[in-house]
Amino acid sequence: MSGRTIFVEKVCRIEGGLNFTVVLGDGYVVETRAEALEGIRLLERFLRGRDYGEVPDIASRMCGVCQAIHRITAVQAIENAFGISLPESLQVLRRLVAIGGLLQSHILHLYIFVLPDFLGYSNIVEMLPRYEGIVRKVLKLKKLANVITEIIGGRAVHPITPIVGGFSKIPSKEDLENILRMAKEFRKELLQVLDPILSLEMPEFRRRARYISVYNGERFPLLNGMLKVDDGSMFEPMKYMYCIQPIREEYSTAKHYLYRINKEPYMVGALSRLNLNHGLLSDSAKDLAKTYGLVFPDYSPFSNNKAQVLELVHFADEAIELAEKLLSGGIGKKSVVFRVEEGEGISATEAPRGLLIHHYKINKMGRVVEANIVTPTAQNLKNLEMDAKDYIEFLLEENNVKDIKLELEKLIRSYDPCISCSARFLKENTK
Amino acid sequence: MVYKPKVGFFSLSSCEGCMVQILNLEDDLLKILGSLDVVASRILGIKDRGDKLDVSIVEGAVMSDDERKELLEIRERSRILVALGDCACNGGRFIVKDFAFKDIDIKLPRGQEKFVSDPLDKYVKVDYYVYGCPIDQQEAVELFKNILLEKEHKAKPYSVCSECILRENACFLDKGIACLGPITRGGCKAICPTVGRGCIGCRGLAEDANIRSLIEIFEERGIEVPDYLHDMLKEVGDK
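As you go down the protein sequences, you meet chains A and B in turn. My numbering applies: residue 109 is where the first sequence begins, and numbers increase by one. My numbering applies: residue 16 is where the second sequence begins, and numbers increase by one.
No lab work stands behind these hints, which were simulated from the structure alone. Take every hint as true, because none was put in to throw you off.
From the structure, some residues in chain B lie toward chain A, with a derived Cβ separation under 8 angstroms: (1) S28; (2) C33; (3) Q36; (4) D42; (5) K62; (6) S79; (7) V111; (8) C207; (9) G211.
Result set (DSSO-like, lysine-lysine): computed pairs, CA atoms no more than 30 angstroms apart in a straight line: (10) B:K160 with B:K204; (11) B:K62 with A:K118; (12) B:K171 with B:K21; (13) A:K292 with B:K46.
If you're wondering where the values come from, they're calculated on a predicted model, not measured in any experiment. Idealized CB from N, CA, C, for every residue including glycine.
Chain B on its own, in the form it takes in the complex (with noise of 0.2 angstroms):
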């Protein structure tokens, strides 16, 4: 018999962006919602009768404490747990860019203490990461076929430089304009510096990220350093 893992798909904290995504995969949707067994979705409107998963693919980040205890329970009925996105795997500190969510002191409800913004990691063990804000689609296709044929996802380990080389981009950094490529983990295709962009961060480190040497090539090439990258080598620091 065809395997036909049963998935449950959860959100936490986030814009919800990165599922979009996967409903975005309009040609091949049918397709992948067809080849499992999707047992959990609250957007879809397939309930959540606290089956036994094969995968959960767990998109956003951990604000609260219920989000905390649900994370939990869905870890502890998982074979395998899919962090989706930036918010699920760094806690969406690599699009907000705020590395050590200085000085935030505010009255939460709910009965919330403190803010928190966590990745999942923080808390249960993750098997497969996949980066970005949003996710790439390609990235989201190839984690269903590495479901489907057991085998294990793995991340692009390299920046997004060699993707953008490949495109046949001219460097924003030889034109003297911000963008951090060079320690970004790839996956995206350069997508932002393909439609003119320098690559603003947002899937998160490469494996030999080294932002210490990042900022001297802006220095070098008088491009303003922003803020944020120092608190980035401060609190993530050199990979």
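Bound-form chain A, shown alone (with noise of 0.2 angstroms):
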């Protein structure tokens, strides 16, 4: 075996453009590459100069499948520069907005990237002959989580009404109760596909990483909180370079991280989302949880699959919860009044892949001098890596793998990883 090297070239059913590479030893692995492809795409870079108002529209284009959240955490830090606070109603509205955003993440990734996997199909269209009702029916969930996103957010790929100091247009009663029509539907439908995935026998494989996501101690994280390590360490949002740390990486456009405190790799998505605020999930996440013996802390990164179907019925449920508070309560003014003024901002949040963190300096004219983007993926690459390497020699004495590159292949997919969001600016040269 020694010299070998695996190579498994554009990893399929992901976002965006990922080779891997492993190089194996003596009945060990002596090195695992993940080599994002993706153009850099200096998002940042052309955010300098430009009014605060355009910062959304382009950094909303980061991603075409995380959806409403890159749009929703610019705004948030553009309103954490100018000192903006929104009234409770228009916080529940984007929340609202980034949960259909995660709905249908989750839905695509879980059933039409991975499912196929353990069915033994290479994607949903093999599939059709023999389990076109579940692949109908998750159509179906797809449709209604986009429509929450779209009856908010004005589309559901780059929504366009959350802007700063608001929404440039808020549902009426009508929209609101369609919502709310749709949530508990979606709940609905939901719980008639959970099975198929619950019950996929996972790999046996463990290993502890360290694990980060946004938390607040109240509600289970998506917009707002502190970053919270699985060691114990807590870091307010703004001190985020003091957790993390950036590096590069000559063979990947993405940038990698590393937990700046021992420089080690470090996790970030549903599982650390759920390894570090399991006790503020819903009664009937927590319900599902203990009906399929799914227990958290877990540290199998094969179990961010499980993570993600809790985290479905969580915020079905919590979905339905904030559409029926928003017509009971109403939703007032679409937007406040803000003054342009020169200041920092940022804003911590839970994209559908983990931690997203946006970082913006603007001046007094209010456009951008500085900006920094931290997404999901980039994070993640570090501890996919590690894991690779660790689950490759797990197979190896194992002795029994029949095939170890579709093996790796199940591994990547089980991050979810978002290559495109992950190609991000490097270093400028000094001139």
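Now that you have both chains on their own, put them together as the hints suggest.
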């Protein structure tokens, strides 16, 4: 086996272009490399000098899969810089549109990207003859989630309405009633397709990683909180650079990251959120975890899939709760009045794939002086490399591996990587 | 026999939001996939075996030499090549609004020397353009219908204003708010003005776009003229 290389070219059923290389020694793994291929999209560079109002439009183009969250995080960071605080109803509406995006993203990942792996197919089209019922239900769920985002955001991919200070348009009472109906239907349909994922036999592999997520102790994390690490540390969002450290790898167009305290890789995403916040899940999500014997913290990267299922249930419950709240209390005004002023602002949120940070410095003209965006997948790449190394060594030890390459792909897909987001700005040459 | 075109979906550098717009056609997705012979799609997990293609649908901009080579290879084996979205049609310029990529001097990984973000037609012949960031879902359905009927797919020549009027929106320029509707290619059914925002011009220029005149309108009405409109005029010019 020594000197052999396993090379997965353009991993399929993930977002964006990623090659993965494993260099094998004699019964062990010498090196693993997550090689992002997407062109560096330089969005932070393009944001420099732009008016604050343009920022959310450009920043949201970071990703077409994570939908609303990039826009909302950008908006919140600018509001933080200007010292704007929104009335609760508008915050609830922001949370609701982010939930729509998260539900659709998790459905896409679990059922269109992951499920075929475990049922022995390479894609949903092949699954159709035998599993048409599930495929149709999945598409229906995807649509219901998208409609929630569309009603509030104006469009599912790159929503339009969330702006600095509130929304450009808010849903009518009838719209809210529709959202509530969609959320209830989503929840009902969801319960019928959970079993195929929750009963999947996942590999026995475990490796305790470092886990980081947003945490506020009151609600399951989504749009605000501190950065919590599973070693007990907590960081204010503005101090994120004391928590994480970007590094550059010549083989990858993505930035990679380490936990700054001890320079080790860390994981973000559904599993990290659950490991650090499982007590904040809705009752029905907790019951479901009990039924299927899911206990957190869980140290298998493959459990990210099951963590996403529990989040689907939790956020479907929350969508219903939030829509009811808005219906009974009303939304009120669509935006608040604010003053443009010089400042620095940050927002740390949970994108479907994990911790997302937008950080802007804005001058007194309202123009961006500096922008920095930390995306989930970029943070996960080092941990993925570490898991891939240990998982392949685990498989080599087990000695009954049929298809190492496929197993490696399954591991990669469990992370739900989003390479477009991760292909980020590197240091500009100083003149 | 019913014509079942061999179709490949390809993604160059992009956010893949245009492909997601297609996946988001949930009601029609199975019909669309069933009427085509999809032989390549990384995101769906349909492995490309290098088949000859009736139609290749390409999203994303060319940002590396590898992507340029991949595009040339796709063109070589495709009868029809479709550029999907602003990145493929315009190199993403109309969304980031940097028309000259001024002063970008960064050290790039993977042996890449210079920053580029090029539209497909800089390197190959593009048969059909589907504009927008992201593409409009209805236009995507029209594209598939045209592919099946073997009809030419034509982008809308008129501006966003033509569609905005049909939706009975009050004019943003009249209200003194910046809107690129008059110079931007229609087809989106004026979605942004309809939800309370001025057009941001993501679909690129309409056939008869007159940037100079829009700048004058902005000035007349006391709307701050964004720097990028001058860059756009200088680098892209009136149509």
